[in-house]
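Novice: Those protein sequence lines, which keep their order, are chains A and B. Quick note: the first sequence, position 402, residue 402 per our numbering, numbers continuous. Quick note: the second sequence, position 44, residue 44 per our numbering, numbers continuous.
Any copy, or any two copies together, can satisfy a pair, since identical chains are not distinguished.
Here are the simulated lysine-lysine pairs, BS3-like style, with alpha carbons at most 30 Å apart:
{"hint": "1", "residue 1": "Lys368", "residue 2": "Lys272"}
{"hint": "2", "residue 1": "Lys401", "residue 2": "Lys272"}
{"hint": "3", "residue 1": "Lys368", "residue 2": "Lys401"}
Treat the hints as calculated values from the structure; they're not laboratory data. Keep in mind that this is a model prediction, so the values were computed, not measured.
Protein chains: 2
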Amino acid sequence: MAPPAEPRGDAAAPLPVAGFRVAALACGIRYRGRDDLALIEVAEQTAAAAVFTRNRFCAAPVVVAREHLGREAPRYLLINAGNANAGTGEAGIADAEACCAELARLAGVAPHRVLPFSTGVIGERLPCDKITAQLPGLLAALSQDNWLAAARAIMTTDTVEKWLSRRVACGGGEVALTGIAKGAGMICPDMATMLAFVATDLQMDAQTARELLRDACALSFNSITVDGDTSTNDACMLLASGRSGVRWHDLDDAARRACTAALNGLMRDLAKAIVRDAEGATRLIAVDVRGAASAGEARAVAYTVAHSPLVKTACCAGDPNWGRIIAAVGRSPVDDLDVARVVCYLDDHRIFADGAQAAGYDEHRAAKIMSAPEFTIRIELGRGAAAAVIWTSDLTEDYVKINADYRT
Amino acid sequence: MAPPAEPRGDAAAPLPVAGFRVAALACGIRYRGRDDLALIEVAEQTAAAAVFTRNRFCAAPVVVAREHLGREAPRYLLINAGNANAGTGEAGIADAEACCAELARLAGVAPHRVLPFSTGVIGERLPCDKITAQLPGLLAALSQDNWLAAARAIMTTDTVEKWLSRRVACGGGEVALTGIAKGAGMICPDMATMLAFVATDLQMDAQTARELLRDACALSFNSITVDGDTSTNDACMLLASGRSGVRWHDLDDAARRACTAALNGLMRDLAKAIVRDAEGATRLIAVDVRGAASAGEARAVAYTVAHSPLVKTACCAGDPNWGRIIAAVGRSPVDDLDVARVVCYLDDHRIFADGAQAAGYDEHRAAKIMSAPEFTIRIELGRGAAAAVIWTSDLTEDYVKINADYRT
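If we strip away everything but chain A, and leave its shape as in the complex, we get (with noise of 0.2 Å):
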């Protein structure tokens, strides 16, 4: 049973973004019938930051994508699915270079310009002819309405394209935000990545689209757990084109947290339409600890919950067993933890204080409350006042069979 669908947003269609074309192919590098190959293309004096992955086996576009953003904010960004270009060496990045070299050369601008993004499986090289062929038409077929088709082509095994809009308007215009995500951590056989993409036309600098993403992505992306395997291609970008006209610079406070409050909504629900779609899943949990002493205490506690193996199976039978809850908080990395002072909900049904099971507890109120397709493991840690949410979901026989199946 696949959690409900999330509402998409103030749109019934991904929002054109001025200052960004979009495209997206066929070119035939693993699947059939189906576009892999999406190019998104960015307006001169865009501000642009990006978040990568911090596995150290990190992928070839990674690495690449990386030291070309240091040179100069790009003109494009070339994204293919069904090979993430991972464990394939030196050789893995002179294939990245070279799909940036052609794009940029048939573009007109310097091969630095050009950022590559790939998700899908690893230690394969990279099929650059297949790639290289279909970049005169892809450049041919750039738009400004390509969004869903382009959110398409870098599914890898997600089974729900996931995208985003929002309008906001302030600074006495109106700002348009659009995001497109692909993934859910590492959890498909070989199928590595997570990647997002949010374009803006709001105007700023690029040092505070660095801030805004960061701070997004903390709340959002970096906020998300399927199984803890970080993958070796995570991205995440976020690009201003300043065509709306609106500028960041001249926003009061009012208007800046108008702005932000919709850049970290859109982040966070395409966040968790990853988690929805994590393969095997049948529920979205939150787990959202508060009163910490700080928010990486808050962080660290909300992880080893997210992560411990018997919740996830407690949150898949749909079985109130906080015995699990609280014995995965009494391990988590936090320096005199006083589980006396410790208390747990259910959404809002309080299932443990005192150390031991809450006066009031109602089993059959928990159960059902755990059997929905989205509930929240509340944990009071009474130690301070930070706090944080963490999404996961839970684990299933289906994960299993899925990452068991023999590769062939």
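For this one, chain A is given, so just place chain B on it according to the hints.
Specialist: Just chain B now, kept in the frame of chain A:
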């Protein structure tokens, strides 16, 4: 397919150990038709050392045992299976103390000379009456020859009892060691706990016992993981009665090494037996990390690999998926890891080097290695000379089935 049982050291049945008597019987806490209560009597002058779970949510018996042990060496260890007396708050502590006090009264010792241990369901009150009703019979049944019965009485969802004995000729005499253990991390529904008790007739002081136990645990029980879910009740004790007449103090270096090796080997083999019996497990996997800058670093890398759901499901499948192994290495908490220096082997077959699949990689051979009930994933980091081995099991559908079954 359960992994083959490990040979039981150099004895066909547990060796009696001078200075210790054991008893086991049924008190009917939860199980029918089997023993669930065990008693180990410890001679005066026995040096005792213990290691307990560091889970802050520790069970009442752990709280009481720690406190009693801090006052004086024990005369009795009282162990029950079927109820962990965890998550029971202050009432649980009172229950544990009451059982200790009643045994102490019957045996004629001070209450703090009794250490309680429990394993089983979390969150339910300990049925003290059932336990105390059997204490006279338990005391009357004490004998040097009941180690096997005790090993069976402390089982919860173990499928096989776990015991080992060793003999060491040294210091002009012979030293015997016998150990019993149960559990497999916290992998069974509500059945918390790994417990291990090692008795020897070697004489040593308490400080030596603590040091030997600490070192032995580091190489054994603290180097296994099934699912990373540290129990609330884990405990391991080393008891040295001295009744062999052989004194640690008088042994030369070679003899000390022989005794230490026997102890470490016994505990390591008990620990491996626990992992082999992990619920749902079909494989015992050694994650052998070498060339680390420190032991802590080696362990951090080994645990990251051993806890990775994607690596564990690949092991279940017998799928030589080096990409998943290296992705786990790449996300381990090691500063400045240079993946280009990492070399990875399955047993002695090299599968990854120089940032890509190793030259000479033979998928058929690799798959054959991974289809065996036991194998080693060896990872060379090229950063130093430190090493560590962590043993783990695979992640299977059975694990999920067992732990996602709704608790009745």
